[in-house]
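Each chain, written out:
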Amino acid sequence: MREAFRLIRGGQAPSSAAKPAPSRSRPAHFEEALIPHLDSLLTLASKLAAGERELAEDLVQETCLRAFRSYEGLRSPERFEAWLLKILVNTYINEFRRRNRNPSIVDVELSEAVLESASVASAATPESQFLEHLLDSEIQQALDALPVEFRTVVWLADVQELSYAEISEITECPSGTVASRLYRGHSLLREHLREFAKWRGLLKE
Amino acid sequence: MTCGAARKFVYLSNEERSGGPPSSEEVSQARAHLASCEACREFFASEERLRALVKARAPREIGSAALREKLLGIIAEERSRSASSPGGRGFLLRRPFVSALAALIVAAAAGGIYLLQHRNQVSSQPLTVILIEDHLGNLSRSTEIAASDPVAVQKWFQERVGFSFRLPATSEPQLIGGRRCYLQGRKAALIWYRHPQSTVSLFVVDAADVQFAENQLITLDGKRCMLDARKGCNVVLWKERGLVYGLVSDVQSAELLQLAAKF
Numbered sequence: 001m002r003e004a005f006r007l008i009r010g011g012q013a014p015s016s017a018a019k020p021a022p023s024r025s026r027p028a029h030f031e032e033a034l035i036p037h038l039d040s041l042l043t044l045a046s047k048l049a050a051g052e053r054e055l056a057e058d059l060v061q062e063t064c065l066r067a068f069r070s071y072e073g074l075r076s077p078e079r080f081e082a083w084l085l086k087i088l089v090n091t092y093i094n095e096f097r098r099r100n101r102n103p104s105i106v107d108v109e110l111s112e113a114v115l116e117s118a119s120v121a122s123a124a125t126p127e128s129q130f131l132e133h134l135l136d137s138e139i140q141q142a143l144d145a146l147p148v149e150f151r152t153v154v155w156l157a158d159v160q161e162l163s164y165a166e167i168s169e170i171t172e173c174p175s176g177t178v179a180s181r182l183y184r185g186h187s188l189l190r191e192h193l194r195e196f197a198k199w200r201g202l203l204k205e
Numbered sequence: 206m207t208c209g210a211a212r213k214f215v216y217l218s219n220e221e222r223s224g225g226p227p228s229s230e231e232v233s234q235a236r237a238h239l240a241s242c243e244a245c246r247e248f249f250a251s252e253e254r255l256r257a258l259v260k261a262r263a264p265r266e267i268g269s270a271a272l273r274e275k276l277l278g279i280i281a282e283e284r285s286r287s288a289s290s291p292g293g294r295g296f297l298l299r300r301p302f303v304s305a306l307a308a309l310i311v312a313a314a315a316g317g318i319y320l321l322q323h324r325n326q327v328s329s330q331p332l333t334v335i336l337i338e339d340h341l342g343n344l345s346r347s348t349e350i351a352a353s354d355p356v357a358v359q360k361w362f363q364e365r366v367g368f369s370f371r372l373p374a375t376s377e378p379q380l381i382g383g384r385r386c387y388l389q390g391r392k393a394a395l396i397w398y399r400h401p402q403s404t405v406s407l408f409v410v411d412a413a414d415v416q417f418a419e420n421q422l423i424t425l426d427g428k429r430c431m432l433d434a435r436k437g438c439n440v441v442l443w444k445e446r447g448l449v450y451g452l453v454s455d456v457q458s459a460e461l462l463q464l465a466a467k468f
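Chains as they are written, first to last, in this note's numbering: chain E, 1 to 205; chain G, 206 to 468.
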């Protein structure tokens, strides 16, 4: 029971050790505030760019410039990282995504019918067993194969451990849509991982 | 309450939904349902497994010192542009001050990288297991770069993995190419050599913090190498200029050591 409720984002799981503690005071200089968050920015940029390092670095560069120009207007310094991530996502949507005309996904509400029909593992090989044998590069490929809207939410929720409300602010979509994207992203990711496992003979059905 | 409704409430509870948060009565009912429904418990266990997998094993990027310097340079330029323009930023942003600050930040960032690498420290024992898994798992995959020229292969990886390394010129075994991979979330180079009887994988990863087991170390031409053998594969590991090199194959360890000696 407790395990199931760890999924609840609003109650916030303990934040990762690598995450810099939010500071209430604003560092006098933008660079000082920026540096501890660069790896987070670069990682999310890399996820948005599906692993294309050059594109990810261009995206980070553009994000840093935009953030620098608006730093004086930042009202909540303790939310600096979420603010940076929001600029990154917006920059990607407005500037970078336009260039590679990938179709957008269609958002649907998280419905009881979809959740009701969700298949619960019935294969001969338990999920926990084959997941641990997958290679990091397979996990990376499976994540990169998700539509960017799902990939972004999965990353922000699972790795950055942000709440639906925070993700909603970053991605500018309602919390219900965030939950739906997270669920659909997980479902697709699970399918891709099962394919890798089947291909490698890790999964018997 | 149906499984679908209970799952939805749990997925969304404590969150602001577009239609408002679920009432405490709905949440209590959902919890009661979960306590007695094995399928729903498995549903959330599966979601939790996936979350944990992504969190623990999805690769993270680490910004190189070069990228940081480049960004700081661009911001310094932007700052100086805005300071020189009418209504620009104030006296605190004069160039010498900014340069000194930029240098301090680069030093702090380098310290940050050091700390991060040490926080994510991996031991050599799991590393050999990981290398063997990756060697076996990647054998049937195609190369991202197919070339027998070590310089071409080095250059290709240098542009993609964020570190550079040197490959020796060797015809036996023959270099055939490689592909990128990730080892415990770190970008790594996987290079393949064709041996008459088998394929030899060479992994190169920026993991200078890895500790080698003293009792498995040998010295080869002044190079400290660690040997291991599992699942029918031999492994030879060594460190050079902050990088860990790992040769893996089912050929004799003596042959792997001969190849290691050429580096």
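I should point out that these hints are in silico values taken from the structure, not numbers from a laboratory.
Be a bit skeptical, because a hint or two may be false.
Cut-off 25 Å, straight-line C-alpha distance, at most; resulting in silico cross-link-like pairs (DSS-like, lysine-lysine) [claimed, not checked]:
| hint | chain 1 | residue 1 | chain 2 | residue 2 |
| --- | --- | --- | --- | --- |
| 1 | E | K86 | G | K467 |
| 2 | G | K444 | G | K467 |
| 3 | E | K198 | G | K436 |
Which stretches of chain G does chain E cover? Using the computed rule of at least three CB atoms under 8 Å from a CB of chain E, they are [as the list claims (entries may be wrong)]:
| hint | stretch |
| --- | --- |
| 4 | 266-273 |
| 5 | 404-416 |
The beta carbon of each residue, even a glycine, is placed where N, CA and C say it ideally should be.
Status of the hints after comparison with the structure:
no.: 1; hint: E:K86 / G:K467; verdict: violated (49 Å)
no.: 2; hint: G:K444 / G:K467; verdict: holds (14 Å)
no.: 3; hint: E:K198 / G:K436; verdict: holds (21 Å)
no.: 4; hint: 266-273; verdict: holds (count 5)
no.: 5; hint: 404-416; verdict: violated (count 0)
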